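Please model the entire structure based on the sequences and the hints provided.
Residue numbers 13 to 440, in the working numbering, belong to the letters of the sequence shown in order.
Derived from the structure by calculation, the hints contain no laboratory data.
None of these values were measured; they are calculated from a predicted model.
Backbone N, C-alpha and C fix where the C-beta goes; we use that ideal spot for every residue, glycine too.
Heads up, a few of these hints could be off.
[Stated by the list, open to error] Label pairs and their computed distance ranges (CB to CB):
| id | residue 1 | residue 2 | range |
| --- | --- | --- | --- |
| 1 | 122 | 233 | 31 to 37 Å |
| 2 | 121 | 367 | 16 to 22 Å |
| 3 | 291 | 234 | 15 to 21 Å |
| 4 | 222 | 297 | 25 to 31 Å |
| 5 | 331 | 294 | 31 to 37 Å |
| 6 | 377 | 70 | 21 to 27 Å |
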Amino acid sequence: MPVFPRLRHLPAAWALCLVVALPAAAAADAPPPCHASGGPPARGAPLLVGAIAGKTGPDDFSSAAAAARAYFQCVNEHGGIHGRPVHYLVEDDKWNPEVAAQAGARLVKDRGVLALVGNGSVVEMRVNAKLYEQEGAVVIASACAVQECFESRNIVSTNAGPLPSNLGAVQWAVRTLGTRSVACISINTPGGGSWTCDAVNRWLAGQGLKGTSVLFDAGSADFTSVLLQAMATGADTLLVNLPAGLAVPILKAAEEQDLRDQRRWIAPTPLYDLKIPAALGPYWAGKLHVHAELTRLDSDGPDARRWRAVTDRWGRSDAVATHRRDTFSQAGFVSADIFTHTLLRMDPRDLHRAGVTRALRAVRDWRTDLLCRPWYFGEGDRHLPNHAGLMLQYTGSGFRTVQDCFDAESDYLAPIKALERQQGIGRR
13 MPVFPRLRHL PAAWALCLVV ALPAAAAADA PPPCHASGGP PARGAPLLVG AIAGKTGPDD
73 FSSAAAAARA YFQCVNEHGG IHGRPVHYLV EDDKWNPEVA AQAGARLVKD RGVLALVGNG
133 SVVEMRVNAK LYEQEGAVVI ASACAVQECF ESRNIVSTNA GPLPSNLGAV QWAVRTLGTR
193 SVACISINTP GGGSWTCDAV NRWLAGQGLK GTSVLFDAGS ADFTSVLLQA MATGADTLLV
253 NLPAGLAVPI LKAAEEQDLR DQRRWIAPTP LYDLKIPAAL GPYWAGKLHV HAELTRLDSD
313 GPDARRWRAV TDRWGRSDAV ATHRRDTFSQ AGFVSADIFT HTLLRMDPRD LHRAGVTRAL
373 RAVRDWRTDL LCRPWYFGEG DRHLPNHAGL MLQYTGSGFR TVQDCFDAES DYLAPIKALE
433 RQQGIGRR
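Following this line, the structure appears as structure tokens:
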């Protein structure tokens, strides 16, 4: 049965399920794979929506913004939001804090966007969190990667981020592979690698196990040296806590040294990507296990099919957003879906920043088959609604599921879960 936020949407959701199966003529009459007002292309006054993505740098975090852009193009072609098109403005922070700050000011102050949707960056949230709060702008992010993203009043993400994803991978390895010690390999970014690895190490210590951090500068990395440093810790499991663009060189260095069978190898979400088999080949088949923050890329739920339909029809790559089918793209679709559905339920007279901020803050118990648990904005200054995922094994040509949705555990997540219980936030 489709999982939609409100029961009154079930008839449309059932119709969406038929899109793939029906002949082309019948499918043309089905509802669009995005929420929209309905009718001809929107021609009203544009609604300005922003995003900041780390595209140019050691890795590309822009697929979330590409999916959100595709979603909004679908919206605009099917009546917009109360007849108004979404004008989506995406900035590349180039993994540079100064550029990120300039982009934030340009979108929030100069352009006056209603909100930001689909952000994905290693640096952006760290420098702009205070700006968003001061200006009353909220961010429904999709590829958060640093501590400040989860400890800001005005930022909340649909992806889980590195802390739950790494904890999930480690906790599965301890239960399933017999892991007793972990070397956490990560980049030395403020609020990034050390924050995540520290959380992993604390959890391991609480179980009477050992964790060691191996941090390095992404701009001047000698991958073989980093790998050998991790091996020298004596850990029985290496946690490759890196963006895919940095994780693949580490794994290739391990292949050159033929180290595969000397350790257990686990990783968070960034290595769950359809381009990984071509990058890694058969060497790692059955030996690399990856935690996914959202559901499988080939899952068959109605929202998963809507995501693929939207990105196949309207997805495109441009100077500031790369269209590709990965977890961040799924999260970008979910962020745009939440945003659009919320605004469609608003009084058109309230479509200004303050009104949109109030409406988005009120979102709770949003259900979608792309997430393992309901999503919500939540109260307070800390937001991490997505802290569950699944575990996958790399097969050489793709991935197979070795454990379905499960929740990560940690002292960091404990107060967040307590608040969820207090607020009656549900579980699937």
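Structure-based check of each hint:
1. 122 <-> 233: 31 to 37 Å: Once the Cβ atoms are compared, 36 Å apart, the range 31 to 37 Å for residue 233 and residue 122 holds.
2. 121 <-> 367: 16 to 22 Å: Once the Cβ atoms are compared, 19 Å apart, the range 16 to 22 Å for residue 367 and residue 121 holds.
3. 291 <-> 234: 15 to 21 Å: 20 Å, holds
4. 222 <-> 297: 25 to 31 Å: Holds: the Cβ-Cβ distance is about 28 Å, inside 25 to 31 Å.
5. 331 <-> 294: 31 to 37 Å: 35 Å, holds
6. 377 <-> 70: 21 to 27 Å: For residue 377 and residue 70 the Cβ distance comes to about 37 Å; the hint is violated.
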